[in-house]
Amino acid sequence: MASLDRVKVLVLGDSGVGKSSLVHLLCQNQVLGNPSWTVGCSVDVRVHDYKEGTPEEKTYYIELWDVGGSVGSASSVKSTRAVFYNSVNGIIFVHDLTNKKSSQNLRRWSLEALNRDLVPTGVLVTNGDYDQEQFADNQIPLLVIGTKLDQIHETKRHEVLTRTAFLAEDFNPEEINLVIEKRYFLREGNQIPGFPDRKRFGAGTLKSLHYD
Amino acid sequence: MSFLIDSSIMITSQILFFGFGWLFFMRQLFKDYEIRQYVVQVIFSVTFAFSCTMFELIIFEILGVLNSSSRYFHWKMNLCVILLILVFMVPFYIGYFIVSNIRLLHKQRLLFSCLLWLTFMYFFWKLGDPFPILSPKHEQLISRVGVIGVTLMALLSGFGAVNCPYTYMSYFLRNVTDTDILALERRLLQTMDMIISKKKRMAMARRTMFQKGEVHNKPSGFWGMIKSVTTSASGSENLTLIQQEVDALEELSRQLFLETADLYATKERIEYSKTFKGKYFNFLGYFFSIYCVWKIFMATINIVFDRVGKTDPVTRGIEITVNYLGIQFDVKFWSQHISFILVGIIIVTSIRGLLITLTKFFYAISSSKSSNVIVLLLAQIMGMYFVSSVLLIRMSMPLEYRTIITEVLGELQFNFYHRWFDVIFLVSALSSILFLYLAHKQAPEKQMAP
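Residue numbers (the numbering used here), protein chains in the order written: chain X, 13 to 224; chain D, 47 to 496.
Accuracy of the hints is not assured; some may be wrong.
[Said to hold, decoys possible] Residues on chain D that point at chain X, a partial pick, calculated with CB under 8 angstroms:
hint, residue
1, Met238
2, Ile242
3, Ala307
[Claimed, not checked] In silico contact screen, one side only, chain D against chain X (beta carbon under 7 angstroms); selected entries:
hint, residue
4, Tyr79
5, Lys246
6, Phe303
7, Thr306
If you are wondering where the hints come from, they were derived from the structure by calculation, not from laboratory data. Where a beta carbon is used, it is the ideal one built from N, C-alpha and C, also for glycine.
Work out the full structure, taking the sequences as your base and the hints as a guide.
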């Protein structure tokens, strides 16, 4: 299986938003029965047929690196986490629809993950400032996912869905060549039937991800 | 008329404290969570406000501000409200929020939270049996709250007294180099790669099994059974084996992650200790370690010789200066001011210390589901801690100011509380020393392991 190329995708977000459940759902097609705290990083692998049915079909292993912890962790924990951010092909940001702060914190997560290369190795220091220009030449595609839609009361769902995630406003697709799309996974959902993913790889960039 | 003025001053200050508690809750404690249940925030701020008012009343007592009868009235009222909150409201809400988290009992939330509260009251009452407590109704509650609060204070003080020099002094810092960290990181990444390659095999095996329809095939008939024995679920057997290996590797990766984080933290502390601030704290650390040893020594003496200090530090200090050093000054005037400063410092540092400890504790253990329950628990601890601070602070005040506390709180056995504090302090300090010693010894061995 050495011929299969490696695709590394980070899954980032606050604690308790459902990253481990999401990764488990994607890779095992099953709902995670007893989610517990992720210490460090847990990895899972999904086999994916790129361009299925066409002559250029190729099978890829997508590694989903689910990094645990919160944005407000001690800088020693942040420095340790930084070792996972090497050579990343894509990032999935997960936030909790029942908790507004988790989507606000996505900014700080993006800062931590994407600015890694600007800081020399050693103790990682972030002061939490958000500067849009730093992301101008970002080539890594990003996806934002909101979870736990079923835990929001019926009447409030519309209001929550129309509230855009903070990141979506700041990243202009034309400049940065990435697409952001929101999909909401129900926590009790059974297997999401069929996963006809359509991914087009161009120089290792994800153009779009669609789930049925 | 003066009563009205006094009351309005008290109420204004209470509102100020309430606002401070509200802000603290919003900005510090709950900064990563969305506040959905405002009840929790209100309860926390109210507990904080009334606790601070008690301290304020002590200060007023020393300074002689306000009318003494209105002070007494406010003491009584404040005490009633605080007891009401600590014994009735907060435990009830803790029970309510715990029950709300459990889905099964969602329908009869109120009923079950009442049940929980009754259980709490039962244990709370039982707690008072082994201690010397007199019969009047009012004092029953205070004494129980006092016992719990004093235990908490002593535990925290004991641990703090030992931990403070340990963290400040750089003598205990292990030597960490960049190569150590890099080596650990490499091991961590290697472990992750191993996990990935095993998971790839598993995923591919599952996929081929699925494609061959092996998963859904049940052996049917005689030949089916023979076939299944030989070719067998070799696929699924392999899978369970690999899964076990993966579990072990994942545990290893978690350990490595924690160790690396530890090394980074130590490296930061080493760098910090080289700065000016670090050197200052290092010096403080030596000073505090001497203070801590002295305190442990005094606690032992108190227990062994069954000695209870009769005079407070202020009066004793004044006595020493007057009698031995022969310096004459207006005792009454200075005693008032010095005790005000001393008591003020004690109050401020204990409030600040408690709030910081609570915040750290909260960040460490809370999650989005349990945040409400944990905050209420912290409010309960805070209330009990402050009530028992009032009990113990009595010892630091000169005789003439102690009367108000004695009057308000009734015939409590104050000496008992001090003795209890000493015992728990000693136990806590000694066990912290043991614990830190073990933790310190264990860490360098981990580094040496291949």
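May I ask you to test the interface hint for alanine 307 of chain D with respect to chain X, counting a Cβ-Cβ separation under 8 angstroms as satisfied? Nearest chain X Cβ about 4 angstroms off; hint holds.
Does the CB of threonine 306 of chain D sit less than 7 angstroms away from some CB of chain X? Holds, because the Cβ-Cβ distance from threonine 306 of chain D to chain X comes to roughly 5 angstroms (cut-off 7 angstroms).
Quick check on the hint: methionine 238 of chain D CB to chain X CB, less than 8 angstroms? Holds, because the Cβ-Cβ distance from methionine 238 of chain D to chain X comes to roughly 6 angstroms (cut-off 8 angstroms).
Would you settle whether the hint for isoleucine 242 of chain D is holds or violated, based on the nearest Cβ-Cβ distance to chain X being less than 8 angstroms? This hint holds: isoleucine 242 of chain D lies near chain X, its Cβ roughly 5 angstroms from the closest one there, short of 8 angstroms.
Under 7 angstroms, Cβ to Cβ, is where tyrosine 79 of chain D needs to be relative to chain X, so tell me if that hint holds or is violated. holds, 6 angstroms
Please check whether phenylalanine 303 of chain D passes as an interface residue: C-beta within 7 angstroms of a C-beta belonging to chain X. OK, holds: phenylalanine 303 of chain D within 7 angstroms of chain X, min 3 angstroms.
Let's test the interface hint: is any C-beta of chain X closer than 7 angstroms to that of lysine 246 of chain D? Holds - the Cβ of lysine 246 of chain D comes within 7 angstroms of chain X, reaching about 5 angstroms at its closest.
In the structure shown, no violation is registered for any of the earlier numbered hints.
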